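Chains as they are written, first to last, in the numbering used here: chain H, 71 to 394; chain P, 71 to 394; chain R, 71 to 394; chain G, 71 to 394.
Hints are computed from structural coordinates only; laboratory data are not their basis.
Quick caveat: nothing in here was measured; it's all calculated off a predicted structure.
The reader is advised that the hints may include incorrect statements.
Pairs count within a copy or across copies, as identical chains cannot be separated in the list.
[To be verified] Below 27 Å or equal to it, Euclidean Cα-Cα: the simulated DSSO-like pairs (lysine-lysine) are:
{"no.": "1", "residue 1": "Lys295", "residue 2": "Lys211"}
{"no.": "2", "residue 1": "Lys362", "residue 2": "Lys79"}
{"no.": "3", "residue 1": "Lys180", "residue 2": "Lys211"}
{"no.": "4", "residue 1": "Lys311", "residue 2": "Lys211"}
{"no.": "5", "residue 1": "Lys241", "residue 2": "Lys180"}
{"no.": "6", "residue 1": "Lys241", "residue 2": "Lys89"}
{"no.": "7", "residue 1": "Lys295", "residue 2": "Lys180"}
{"no.": "8", "residue 1": "Lys311", "residue 2": "Lys89"}
{"no.": "9", "residue 1": "Lys180", "residue 2": "Lys311"}
{"no.": "10", "residue 1": "Lys295", "residue 2": "Lys79"}
{"no.": "11", "residue 1": "Lys211", "residue 2": "Lys344"}
{"no.": "12", "residue 1": "Lys311", "residue 2": "Lys344"}
4 protein chains.
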Amino acid sequence: MNTFGTLFKISIFGESHGKWVGITIDGCPAGIALQQSDFTADIERRKAGAAGTTPRTEADDPILASGVFNGHTTGAPITIVFENTNTRSADYEALRATPRPGHADFVLDKKFNGFNDYRGGGHSSGRLTVALVAAGVVAKKVLGEIEVNATLVEAGGNTNIEAAIDEAIEKQDSIGGIVACTVINLPVGLGEPFFDSVESLISHAVFSVPAIKGIEFGAGFAAVKMTGSRHNDAIIAESGKTGTNNAGGINGGITNGNDLYFRVAVKPTSSTPKEQMTWNNREAAVAPFQVKGRHDLCIALRVPVVIEAVTAIVLADLLLRNKF
Amino acid sequence: MNTFGTLFKISIFGESHGKWVGITIDGCPAGIALQQSDFTADIERRKAGAAGTTPRTEADDPILASGVFNGHTTGAPITIVFENTNTRSADYEALRATPRPGHADFVLDKKFNGFNDYRGGGHSSGRLTVALVAAGVVAKKVLGEIEVNATLVEAGGNTNIEAAIDEAIEKQDSIGGIVACTVINLPVGLGEPFFDSVESLISHAVFSVPAIKGIEFGAGFAAVKMTGSRHNDAIIAESGKTGTNNAGGINGGITNGNDLYFRVAVKPTSSTPKEQMTWNNREAAVAPFQVKGRHDLCIALRVPVVIEAVTAIVLADLLLRNKF
Amino acid sequence: MNTFGTLFKISIFGESHGKWVGITIDGCPAGIALQQSDFTADIERRKAGAAGTTPRTEADDPILASGVFNGHTTGAPITIVFENTNTRSADYEALRATPRPGHADFVLDKKFNGFNDYRGGGHSSGRLTVALVAAGVVAKKVLGEIEVNATLVEAGGNTNIEAAIDEAIEKQDSIGGIVACTVINLPVGLGEPFFDSVESLISHAVFSVPAIKGIEFGAGFAAVKMTGSRHNDAIIAESGKTGTNNAGGINGGITNGNDLYFRVAVKPTSSTPKEQMTWNNREAAVAPFQVKGRHDLCIALRVPVVIEAVTAIVLADLLLRNKF
Amino acid sequence: MNTFGTLFKISIFGESHGKWVGITIDGCPAGIALQQSDFTADIERRKAGAAGTTPRTEADDPILASGVFNGHTTGAPITIVFENTNTRSADYEALRATPRPGHADFVLDKKFNGFNDYRGGGHSSGRLTVALVAAGVVAKKVLGEIEVNATLVEAGGNTNIEAAIDEAIEKQDSIGGIVACTVINLPVGLGEPFFDSVESLISHAVFSVPAIKGIEFGAGFAAVKMTGSRHNDAIIAESGKTGTNNAGGINGGITNGNDLYFRVAVKPTSSTPKEQMTWNNREAAVAPFQVKGRHDLCIALRVPVVIEAVTAIVLADLLLRNKF
């Protein structure tokens with residue numbers, strides 16, 4: 071389903087080339103100051119425009135359609151909508167015969183018996199992440215002193231992001247990246263022992279973001295090469311402060327008061343300018359194929375603020391559930 | 071919460087040193103043949119006993135307490151219970167002053183104001199995975215021809231598992247591992263575009279398993295070093311069959327009919343025989359600490375069948391939701 | 071929360087005097103023909119205009135903002151929005167000091183610490199039922215041959231509705247009514263033994279509709295005066311057809327293939343033109359009070375189509391959950 | 071499904087003639103004193119034994135199988151189990167050909183393709199209400215000063231319960247009744263404007279109880295004969311205290327600080343000793359039928375404590391959700 075959360079619940083809707091994309095946030099406490107300008111910074115961070123990002127630009131002015139009154143949240147559901155203005159649906163008409171490799175075209179067509187809105191990925195488009203970012207802005211306000219910070223730490227296997235982008239432009243082939251996320255000022259005790267472990271909920275939300283293919287908490291995959299005595303984070307104060315942070319701030323699924331830390335793998339943008347081979351339904355054969363339309367060479371550049379958003383959404387939910 | 075799933079819903083309960091551990095499965099279709107012996111193989115795979123695993127052994131005979139009648143599921147909730155017989159609670163009494171590093175002792179004590187059952191990790195113990203395995207047995211029956219297969223592919227950074235265990239025993243320090251999971255015979259179309267993507271749901275379930283710290287689908291973290299033209303899986307047949315499987319069988323959160331493939335990182339067992347330094351509440355200082363009790367040197371050895379179980383649970387749920 | 075349903079899930083948003091009211095439907099199958107004109111009949115039935123209904127009229131043209139493409143549902147979330155055009159917020163400013171008796175003014179002010187949008191009841195307004203009606207139109211399409219039919223059978227204690235309205239207009243005091251709902255062509259087997267009994271889900275949805283204070287299935291409250299031998303519906307055919315229908319088509323929470331039948335009590339409109347006494351915060355005393363604004367003398371006139379809508383929503387959900 | 075609640079979540083399991091009936095409570099706060107003797111009073115109130123109740127008696131000693139340690143709740147799921155000892159399954163074997171009128175035999179057989187445990191109603195039996203009562207005992211502890219009180223106010227249409235029972239015994243035909251429930255000391259603000267209105271949640275829970283066919287809040291069905299000026303409860307103090315309580319303590323779905331009041335209709339016990347006509351599958355015709363087994367002539371006698379339990383469960387959930 072397209073709904074997520076328990077007490078801070080979001081429902082996402084819209085299509086890449088439809089009228090709007092939007093999100094409804096149900097359960098946000100009343101009395102939080104909220105206005106259109108609060109969204110500007112995060113929406114700008116997500117926007118296209120830098121080298122390696124798509125030339126499609128949208129105004130992306132959020133319409134606060136409900137749940138806000140006199141500059142504050144009211145306790146009623148908050149719906150935030152973004153108009154789609156800069157769409158070129160014609161780009162996609164020709165492609166129906168050839169499901170784009172790496173994209174959801176093929177699976178959506180099968181799952182929805184051909185009724186899906188195929189233009190620009192439809193409902194499955196990365197365009198919808200603007201709605202996640204908007205919900206993230208609201209969630210961050212719920213978090214108060216808790217701060218979520220995500221950055222792109224690697225692109226195309228290179229920690230020098232700029233050089234990696236230049237190389238991708240030169241090669242005209244897309245690249246992926248790694249986004250690292252740190253959360254500070256967390257209380258001890260968020261999360262539940264089993265199915266609502268902090269790792270469970272964050273990974274659930276993170277894998278909703280298009281192009282994410284891996285996540286690791288703390289030492290993550292590197293932990294498998296450590297011994298227990300090295301991996302264990304010694305507690306060095308009554309507050310629970312640890313000397314190392316191999317656990318990424320989580321023990322037994324519950325925040326331990328240290329920084330929450332995780333990294334996510336962003337695959338290379340599926341829409342690469344390079345010619346590819348794939349199935350052509352008209353020819354009933356594998357045939358050469360080239361993506362048209364406007365796309366990011368490194369979608370990972372735009373992912374950090376989305377990861378921040380979904381992380382803030384999860385933590386806002388857990389914070390509201392807790393009986394502090 | 072300790073409940074997971076939409077149409078195939080599980081609720082887990084019990085403590086390591088309590089009367090029982092168990093699980094209730096709500097939503098399993100009626101008419102599936104089910105008897106006690108169906109559980110034997112998977113429960114044996116999870117059991118302690120091999121080199122590197124804990125000497126604590128349990129009979130682990132499942133009690134089918136409800137939802138089964140005349141050898142078949144009835145459509146009513148299925149409750150499966152395991153008695154805890156081999157508990158030595160005295161082992162834990164002395165440790166209360168010293169929250170074990172890497173364990174949830176500290177966070178549980180804070181979260182539950184000291185009321186948690188601290189014996190052997192209580193409700194957060196790996197002991198509860200026997201209940202997950204039992205639910206997995208039922209889920210696998212719902213899956214029919216879909217087969218889930220997980221194996222330990224690396225321990226302590228070594229693909230020769232036996233050698234890695236020997237080294238751990240020699241060093242008397244615990245080690246981690248990597249479990250790879252493959253699912254075959256999946257239909258196209260399981261999963262939802264946003265929050266119920268297959269990756270979202272599987273990762274949610276997998277991170278409920280104690281000691282898991284990372285997950286990657288298909289090429290996963292290695293994808294970030296690939297270009298798009300290399301990472302994209304060319305579709306080579308009308309069925310959706312792809313030449314490579316870097317996507318791990320999932321596009322846009324939805325199964326594409328190829329094998330589902332993911333890998334998980336299992337941290338080294340927190341209870342290592344090696345002496346460690348950690349906070350001692352009685353001394354109000356960092357002090358040396360050594361775990362007693364009976365523990366696995368490489369808990370990863372016992373994890374594959376648990377990963378299979380939670381994967382089967384997620385897929386059974388998605389299969390029941392689908393309108394095939 | 072403002073979300074309801076399992077596989078056919080609705081999320082409602084908006085305020086009486088805000089920009090929009092709307093609803094998102096998540097889980098509607100793809101391929102259902104749907105266009106704006108499909109909504110006209112039900113929206114007209116809900117509309118004000120008849121004797122005894124409010125002079126406030128809205129165009130109420132549904133905007134199909136997402137989930138519909140080429141005249142069919144796509145399988146993605148369907149968002150339907152209605153603009154609020156005919157609002158007179160000034161009517162409400164003066165009333166803040168006096169929470170209107172029978173309304174939610176007092177409880178909303180307390181629950182949301184004064185941050186709620188108090189204009190015209192805000193999010194709690196009956197205005198939002200237009201969104202429920204719209205979701206009902208979609209749900210009815212999912213139901214296929216199953217038909218839901220609700221009518222006002224009694225107003226002000228009188229089965230002659232017209233006479234009752236005339237009397238209310240003459241007395242200038244609002245009245246209530248009873249709505250009866252019948253569903254035909256139901257299959258045997260919808261609903262679950264415990265918490266998702268058909269009665270549980272329908273009553274849950276029905277009591278979301280403002281002004282509803284009672285519900286009874288089949289013989290309902292009259293059943294308490296019957297003996298078991300009279301109340302029991304004899305099964306008279308292999309299909310499950312019964313001679314009487316005191317159970318209202320439900321046994322043990324599950325549809326039995328006979329007509330589903332229930333009645334709901336609609337209280338008199340809280341906004342009555344008659345002078346009333348109530349608490350006045352400015353005077354810190356009980357004081358006379360008279361409602362201004364535009365209101366229905368018999369809101370029950372507009373309720374039947376809303377009851378149909380929520381009933382259809384519940385049944386669509388149950389139908390999708392079933393494995394027919 | 072057989073799970074209910076958001077933060078205080080219950081999962082029910084078991085069958086009338088199976089090994090156990092039980093319930094798991096997920097989300098109960100840690101640190102609440104809880105022991106076996108706490109359950110005695112409410113379990114006794116539910117028990118058979120009085121005139122007009124079934125001769126089947128069970129010890130009904132609750133087994134606190136998890137979530138309780140050192141006499142207090144731990145914050146982990148609480149599972150409470152009751153053994154079924156006094157079962158006579160043979161009573162039911164002969165009846166399979168004749169689905170009992172008023173019972174769920176026919177619908178369960180169809181819904182579960184004949185795989186349901188048909189003995190004594192199986193999972194749909196009133197026997198499972200002992201588990202609801204147990205969860206209610208825990209919920210009441212969460213409620214603190216809030217008190218829930220339900221009583222049988224009418225049986226067989228007679229306010230003299232004793233006389234009504236005597237008449238039923240004499241006539242050898244079962245009768246129904248009305249249970250009234252009052253909750254005192256509620257705070258203002260529990261419940262949500264739309265789908266989680268207090269009426270929605272309580273009615274959802276109440277209709278999970280077998281034999282309930284109607285519910286009305288405050289004046290309920292009598293409200294439809296009142297004018298608005300009479301039905302509206304004048305607020306007479308700053309606290310929200312009202313002079314009358316026609317709303318039953320709920321405005322706009324939210325508690326208003328006055329007593330919560332509702333009434334439920336309990337149908338006559340379906341198993342009446344009187345001969346009835348119903349479908350006989352063997353004869354493929356309508357034929358005379360007489361219930362054997364042990365049954366209550368007036369199940370309503372045992373219902374009040376169950377209504378209290380489910381009401382307490384709903385209110386505990388709402389209380390935990392609230393951010394007081």
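Comparing the hints with the structure gives:
1. Lys295 <-> Lys211: neither (39 Å within a copy, 36 Å between copies)
2. Lys362 <-> Lys79: neither (36 Å within a copy, 36 Å between copies)
3. Lys180 <-> Lys211: between (40 Å within a copy, 22 Å between copies)
4. Lys311 <-> Lys211: within (26 Å within a copy, 35 Å between copies)
5. Lys241 <-> Lys180: Classified as neither; 34 Å inside a copy, 54 Å across copies.
6. Lys241 <-> Lys89: neither (35 Å within a copy, 48 Å between copies)
7. Lys295 <-> Lys180: neither (42 Å within a copy, 31 Å between copies)
8. Lys311 <-> Lys89: neither (49 Å within a copy, 34 Å between copies)
9. Lys180 <-> Lys311: between (51 Å within a copy, 13 Å between copies)
10. Lys295 <-> Lys79: neither (38 Å within a copy, 35 Å between copies)
11. Lys211 <-> Lys344: neither (42 Å within a copy, 44 Å between copies)
12. Lys311 <-> Lys344: between (49 Å within a copy, 21 Å between copies)
Hints 1, 2, 5, 6, 7, 8, 10 and 11 from the earlier list are contradicted by this structure; the remaining hints agree with it.
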